[in-house]
Amino acid sequence: MSVLTFVENWDGKFKKLTFELVSYAAKVAEMMNTTAVALSIGKVEPGELEKLGNYGVKKIIHIQNEELIILDNQAYTSVIADVVTNIEATVVVLANNNTGKAIAPRLSVRLHAGVGSGVSKLPLSIDPFVVYKKVYSGRAFADLTIKSPVRIITLAQNSFELIETPNEASVETIAFQVDPGMVRTVVKDVQKQSGKILLTDAEIVISGGRGMKSPDNWGPLVELADLLGGATACSRPVSDEGWRPHEEHTGQTGKIIAPNLYFAFGISGATQHIAGVSASKYIVAVNTDKDAPVFETAQYGIIGDAGKILPKLVEAVREIKSK
Amino acid sequence: MKLLICISNVPDTTTKVKFTDGLKKLDETGIQWVINPWDELSLTRALDLKDDVANGIDRITVAHVGLVGSEPTIRKALAIGADDAIRINAVPEDAYFVASQLAEVIKNDPYDIILCGIESSDFNGSTVGGMLAEFLGIPSVSAVSSLKLENGEAFLTREIDGGKESVSMTVPFVAIVQKGIAKEPRIPSMRGIMMARSKPINVIEPAAIEPLTGILQYEMPKPRAACKFVDPENPSELITLLQNEAKII
Ligand SMILES: Cc1cc2nc3c(=O)[nH]c(=O)nc-3n(C[C@H](O)[C@H](O)[C@H](O)COP(=O)(O)OP(=O)(O)OC[C@H]3O[C@@H](n4cnc5c(N)ncnc54)[C@H](O)[C@@H]3O)c2cc1C
Ligand SMILES: Nc1ncnc2c1ncn2[C@@H]1O[C@H](COP(=O)(O)O)[C@@H](O)[C@H]1O
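For the protein sequence lines, the chains are A and B, in the order given. Take our numbering: the final residue in the first sequence is number 323, and no numbers are missing along the way. Take our numbering: the final residue in the second sequence is number 572, and no numbers are missing along the way.
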């Protein structure tokens, strides 16, 4: 018995999300009186694998076949399923990001293992195995029981604290036999967003809606994001209008995020928008309409014109940052 | 070429959800049921592709696992333009159950491209599409934001963490679609609504399959603290509160 977590790398590096997964897997293992193992596929920079040990895994399995550079759902599923069987893992933890969402369901069928996706807490109980997951786009949660002997969890990003438990983890590099023809995805072109903090990784997000009035008014909003080390976002009509890029659209049909702090400037707070941001720890709203629904979810609010208030907030932040 | 669009029947996205039966069941009073937003968009994309005869799409079928109560949703998909429908007559117990029921039917009557949504707005599972592909032993491409066809080959854009990838695929495969796949969902026309009445809904009895998960009970989110308002004449007070009270910046 053991708990396995699959850790993805980004250009050879891990990020906070990885350490959240590892911390989570280690805690679940502790609840089950067993150990956590991390599986890394692909090339990583020297020293990266060792970092995983700081968050409680006892063993790291590393597979670095050339064929596995491309994320092919079927190929990755085969590799992970093989490792699960080999180490007799009974819980598999993946991230609830694009990669996790692509692999978890395939793995589920391969291993006849039930999936709890978008989980935001430790299991409520181990026997029976019960996880806490979001349903109805954040308007409710469910206690979901997974009845199969092997269970798959996809963990929501930014929902679990890092837990440092330094220990020496052993690293085992193994070769995996990849069948020719197994990798069916042909990647023609990759466009990466570089240099910017990813919206899904950001701890502070500054977002604007139609109440910003014009794409020309985004300057101070971007400045506020830069000063706070955050990312920028927007409501759907704003991206539909082409005021801001599509990657910034948050909500039910856009990005679902869980930053520590979310600023909503000129956003009414429609259910579909809130669905993407309701897991934020704090929500701050600036809106001219005191009855805007966004104030029902916000902890701090200003009833006023975003165009006038934003520059003043930029000033105030600049002041505290200069101290 | 034959396309299959898997549709799920969900409460309208503005529904204020409530539960009954000791938080064990959704309170369905007053709920307006709709096609899951993603599925409406994938159907729209499929129809756009079919409109171009060069793509050689003969038929667009919608498939749904659900009881007779979801037929209005299926009819709507037919009114939007699907040619026919399959309804597997069972309560959609969990994603594994739904995907395996769909797979049973598709194995006997294969499709070239199967479209699923990235998530259903009720269960938020993001799992049916991938499971279905694995049951069928065919590739899946997830987080697909564009789908084009050329000489029987498919070209897709998929979102990866922090970027996009263009990939090509030969059929059959499952595409799991998200934002971008179509702009606005097609609205049924009067003619479409009339025609939908006579389009076939093929009702199939379910196979014996055990779900792997079950919902024990629902929980409502913890109410958030009431909003604290800051004087619009003095916005810097907000920054002070975020720094000293919330300790978040
Ligand atoms: C199936 C479906 C899915 C959807 N998915 C999403 C989604 O993922 N994300 C999303 O955002 N929306 C989504 N929507 C749309 C959603 O219902 C709302 O229409 C949208 O969120 C509104 O955007 P908004 O708040 O920017 O604009 P509006 O609703 O126009 O609100 C503008 C706000 O700005 C305020 N305002 C005006 N002037 C000022 C000023 N000078 N200073 C400050 N405030 C001002 C107004 O009081 C108002 O509250 C979806 C809709 C559907 C049907
Ligand atoms: N009951 C169902 N019948 C047919 N397709 C479904 C059903 N439930 C979910 N799906 C498909 O699976 C997608 C993702 O659903 P989920 O995995 O539940 O988030 C949906 O967008 C549909 O395409």
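If you're looking for bench data, these hints aren't it; they were derived computationally from the structure. A portion of the hints provided could be inaccurate.
[Claimed, not checked] Among the chain A residues that face chain B by a calculated CB cut under 10 Å, a handful are:
1) Met1
2) Lys58
3) Lys59
4) Ser108
5) Ile174
6) Gly254
7) Ala258
[To be verified] No farther apart than 27 Å at their CA atoms in a straight line, the calculated lysine-lysine pairs in the BS3-like style are these:
8) B/Lys570 x A/Lys213
9) A/Lys321 x B/Lys506
10) A/Lys213 x A/Lys16
11) A/Lys51 x A/Lys213
12) A/Lys312 x B/Lys551
Every residue, glycine too, gets a C-beta built ideally from N, C-alpha and C.
Going through the hints against the structure:
1. Met1: violated, 19 Å
2. Lys58: violated, 27 Å
3. Lys59: Violated - the Cβ of lysine 59 of chain A stays beyond 10 Å from chain B, reaching only about 26 Å at its closest.
4. Ser108: holds, 6 Å
5. Ile174: violated, 24 Å
6. Gly254: It holds, given that the least Cβ distance between glycine 254 of chain A and chain B is near 6 Å, below 10 Å.
7. Ala258: With Cβ-Cβ at 13 Å, over 10 Å, it is violated.
8. B/Lys570 x A/Lys213: Given that 27 Å is the threshold and the Cα spacing comes to 31 Å, the pair is violated.
9. A/Lys321 x B/Lys506: violated, 42 Å
10. A/Lys213 x A/Lys16: Distance ~35 Å between lysine 213 of chain A and lysine 16 of chain A Cα, so the pair is violated.
11. A/Lys51 x A/Lys213: The given pair, whose Cα atoms are some 46 Å apart, is violated under the 27 Å limit.
12. A/Lys312 x B/Lys551: Within the cut-off at roughly 19 Å; holds.
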